[in-house]
Amino acid sequence: MVDNSIEWKTLINTNLMIKRLHPLPVNDHPLKNIITERIPRKILGSIPSTGMTTPLETHISLLEPLTRALRQLDPLSDFAMEEMDPLSKLAAEVDSQEIPETKSIVIKDAENNIFYQMEPWTSRRAGILTKYTTSEKLSIVTSFLSEGEKVTVKAQSTAIDKVQHRLKQLDSFEEGSQHRLNLSQAEYITKIEQLNKELVIAWNTEQRVKALKIAIQCAKLLGDTEVLSFYPSKFVLITDILDTFGKLVYERLKTKAVCIKSGSKTLADLPEDFTPDMVSDSAKETCLNWFYKIASIRELVPRIYVEIALLNSYRFISTNECNESLQRMTDMIHGIGNPLVAVYVRCYLCKVGITILKKKLEFGFLLVNFTGFLDSYHHIFSRGVKTELESQKMELPTYITLYTPALDFILEAVNCVVNESFLPNLLSVCKKKKNSSLILNTIMSGFKPAYISDRCMEFLDMILDSSDGGVPLYHLLRTLGLCITVCPPPSDQRREILAIVWKHISSFDNPDEYITCAEAWIQFVVECFSSRELNTVLGDIIEHMSPNRSFEKHYSVLKLIISKVVSQFQDFEMLLIMDNFLPLVDIFHEESIKVEVCKNILTSCNGQYKTNDPVITNALMFLCGILHDSVNALTPEDEYKQIGEILCNVMRKVNYGRDFEEQLNFFVEARSAFSNIDIVLAELVQQVNTLSVNTRQIMKGMHNRKTAEFVQACAAYCFITIPSIVSEKTRLELYLLSGQVALFNQCLGQADACLKAILTILPNLEDASAKSELFLESYIKKLLSTLLVVPDNPDRGVVGLLKSLLNVIRQLEWNKLNCNLAILYISVLDLLSSLAKEEYPYHVDKVESNDALYGSDPKFINEVNNMCSIIIREILTLLQDLGQCRRQSHIATELFVKIVTRSDLSVKSTNTLAINLWHLSMKNGYADKSYMIRIKNHLKRRSEATRNLHLQYVVDKLAI
Amino acid sequence: MAINLDIHLKRADKIYYEEENVSGVIALSSNTDFKHEGITLTMEGSVNLQISSKNVGLIEAFYNSIKPIQLVGLTCEVCGPGKLPSGLTEIPFEIPLKPKANRSLYETYHGVYVNIGYGLRCDIKRSFLLKDLQKTQQFLVQYTPGYNVTPELPLKEKRTPINFELSPASLTSGRSGAPDFLLRGHIESVCCNITKPLKGKVVLVKCALPVRSIELQLVRVETCGCAEGYAREATEIQNIQIGDGDVPHNIPIPVYMVFPRLFTCPTLLTTNFKIEFEVNLVVVFQDDHLITNNFPIILVRE
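These protein sequences, in sequence, are chains A and B.
Letter by letter, the first sequence follows residues 1 to 960 in my numbering.
Letter by letter, the second sequence follows residues 961 to 1262 in my numbering.
Extracted from the complex, chain A is given alone in its bound form (with noise of 0.2 Å):
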């Protein structure tokens, strides 16, 4: 079948209109990403609960370098910008854990509750427990973990007889054997969650005097501080075993108001908003039972803390009982010595409180419990406290420290209640009061940073006046640095607040006081004042932090403040200039932390601008060589891959507008310091390149002297600045763009060079993706294109560069299955054919092609079709090799289409060839059946169109 000595003619003139669509200019491209220049960033510390966090543990999202990256990178992820604050993360993480229910709960309630704007529970007991730990050892007093119970359960004929029995559980309880066990902070903390358990399933057994065994055992637990720095967790831990508790009591006594109901036949549910009198009445009496129970418990504070676990419960009873023990409560807490457990008692009565009460009138507790500390707040600074301190050995801020979160949750409890003009009363109150500190401390945190930020000026001088030994200065000094930060103060009293401040945040000796105040106060400065400020403000920092290079212990304090300050202030260019910025980046001695520093400041810089100032280059250029020198061996590859984006970023910000000659040198200067990264060369070339053609543009193709040499000065540098580059695909791609942009220029030479390059790099591919088929099939496709319009160096004969490429990929290792060399054989067809036109469809401006070179000289068509004739030799054999197969059906398909429209019919032989192959493409079935149809209607009408007789002979031929 396979004629070897095939005669191609190419069909130089069909007689075909010609259709030309109208090429329009455009601004986009289509397939251009949308990106959000710029990413809202969310102001550190909105939350004011916050403010009490420590600084070390508000880094601890910020250390890890792949949140960091997602952050600022991707502008996708501006949802990661939102969880800057680690206790909510926490938080999150803890809710996916805890039960569903209560989780739904929460939401349901978040729409009408007044207390929505609060910090929920969770997130605030997940921060408690990773603040509040000790290494020291912790005891627990019980009688259930590893004892069974010692009373016996006898027969219980009467009612009384019960009531009786079960006192006498009670008092065997408070007098049996119990005992010690002492235990590390981890060993506790799964004793409780045994305890836990255990309640859950003494309750499910229908042993309810034992679950309220453990759960006043564990209240009585709680009355006890043998273990200073632990008991606001032990606090988180144990109520949660009251909550259950009391869930279980409630639950039980619900369930049982339906059951007895079923007596009259309604099997009604009580509603969620039930009233007493739907309460069935021995469900009333079972209640009133508990709560007499509870009322017996000898002890103060597991009796208060059972009560209020069962506070829901009141509303079987009646429906103010509830109000009033409430309030009850809050009197009867005056009652407990130690000021510690009171205030912890407090913040539970709150928190069940405003879970249970509905209306906004009932509220009026959490004021009284707020002034029921403060009345009692001297006692803080009491001998019994003096005593516990000093036998454990803890110093008085640390212990007032303790207080925090619960007054934190008290106050903000009330601040949803009450309104402004509440907070000047307190401040009255305050004022009057010794050793103030933590109160005002807590207001500070608990209130609005409004409210705070308004009355600055009175607080400071509070603050100052406070000199006690309670809350430290620095710290309520950070306290309101993180209020003005979330809201400044009004803006004639700005500059007086700093002045005092920074006076005494300067005064500090000790550098880790200094540093927290000073964290909290940086972003107030880069937002309200000016660079001058701030340069004053950075130098006073490095100047505290130099001395016995304590930096070194501060690190991420000092990485949160430039990231404050890169992230607040709008000038960046102000920035770099400034005298103490660059310095304070030097003070980071350790390569990985520095290098992270730089990241912030340099990705905080993709706003709009460009520059051109040698100073802010200087600045860039620097900070980009920390960067690229932080890069090695060992470099992950996502690491490099960042630090060459930034990089490219910073090389597009540095424009020199219409000095071109000067951009070029920046180029050449950023080449040579950034030569490890693969990305940022190539980004260089194609920079290069787009200058080289923005100096086309602008001359509008007609080339002086002096842009003419600029231009080949461009094309030089792609052409030696890409061998540099590692991966071959890269470098295959920026050749031919090269070469593309050469030519454009009418460099003919360098586009030549950079085409030649190409095929120097073709036949040694190594890389596996440069290597792949279809990147390789469709890259010559698409040199192929380029080669139509270059034209032949006279040195080399006719389409000298074809030829060689044709050798270069017939040596390319190609799956013979795909056959994909016989697919870019017939594309090669496609350009021949193209090449013997005597116009060739598309030119580059100011450059002659072969067409015009050659004038469609016989000689040159004559070599164009041997070349054919070549190819199409090529193809077949091709073709014979690969065997019957689908493949095969389609390559025979493509190169008939290819014959019958190139080639001129005429020829016997290359008709014949071309009814051969439909003939085989038909063969076994393999050919798509509608497309062929397709082809030999459209051939059909071509044929009548240009009264082709030849072709419309082969037509005629053609069986489906």
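Any given hint could turn out to be false.
[Unchecked claim] Just a few of them, taken from the derived set where beta-carbon distance is under 7 Å, the chain A residues facing chain B: (1) R298; (2) E299; (3) L300; (4) D331; (5) G335; (6) G337; (7) N338; (8) H379; (9) G384.
[Said to hold, decoys possible] EDC-like cross-link-like pairs, simulated, lysine to aspartate or glutamate; straight-line CA separation at most 16 Å: (10) B:K974 with A:E285; (11) A:K9 with A:D857; (12) B:K1161 with A:D331; (13) A:K929 with A:E894; (14) B:K974 with A:D281; (15) A:K284 with B:D973; (16) B:K970 with A:E838; (17) B:K1095 with B:E1004; (18) B:K1159 with A:E324; (19) A:K610 with A:D579; (20) A:K393 with A:E226; (21) B:K1159 with A:D571; (22) A:K803 with A:E863; (23) A:K9 with A:E838; (24) B:K970 with A:D281; (25) A:K837 with A:E863; (26) A:K553 with A:E591; (27) B:K1156 with A:E324; (28) A:K137 with A:E187; (29) B:K1043 with B:D993; (30) B:K1156 with A:E321; (31) A:K284 with A:E321; (32) B:K1095 with B:E1037; (33) A:K256 with B:D973.
[Claimed, not checked] Quick list of simulated restraints, FRET-style, between CB atoms: (34) A:E324 with B:H968: 30 to 36 Å; (35) B:T1110 with A:K359: 49 to 55 Å; (36) A:S550 with B:S1127: 56 to 62 Å; (37) A:T275 with B:V1038: 23 to 29 Å; (38) B:L1142 with A:S428: 28 to 34 Å; (39) B:A972 with A:P120: 36 to 42 Å.
Note that these hints are calculated values from the structure, not bench results.
Quick caveat, the model's predicted, so the values are computed rather than measured.
Just so it is clear, CB atoms sit at the ideal spot from N, CA and C, and this is done for glycine as well.
Use these hints to put chain B onto chain A, whose structure you have.
Same frame as chain A, but now just chain B:
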């Protein structure tokens, strides 16, 4: 052939007042038919007195335990001899709660030396070969609110708040051992409604030594009259802590105590026995020194 006998009272709280009908059902369940020789229901109520072994010897105490005073005794036949079908049989009943002649009803009370209890007993007589069945069900008796069983009590005068002040000087034991302290307080009334808590306030004005605990002790004082004379016994019912640890000074601490059911009843003075109550305010100092202040209280039902 198991027969279950039970008495269900209509009221869940089982509390009944004089002249009321105690109503409910006798529930009998059995898987077979069974014969019986008659079912009777008895209502009983009595005061049981016991003499403390502290006053007299143990053996005497045992022998001398005074005969119970019957307050209620009423038997009625539910049905004569017959046969009951298998399955659940419920026989409703209604018995008026009335004291025996020349007696009056007292509230249910469980103490150490005095017990006042009421119950229903259902007996099923069976033929002589089979065991008789019996079931008792306790119920509680309360005075109708406002009823005063002991009119001689000086209720009116006791309705005013009582203020008190404790200091080393006011102690009966003199100054011995007590640290310098001053405790002020008031109790709203020592004549208390049994259903309402005891209320008041105490303020620790000053105290040289830290306080360990402030407690309220509820004490019953039972007096039994017998051949040998009176025996008066005071025992603790409960102890409720109102102040824990070194309480803050000059801040009112609420006095609040719920009277437990069954173990308290309105103050009762009769010819044979008396039930009275007292509250002790106890302050324990760090060095375990202890001072108490006694308040006799009168309980009434209102």
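Hint numbers contradicted by this structure: The structure conflicts with hints 16, 19, 21, 35 and 37, although it agrees with all the remaining ones.
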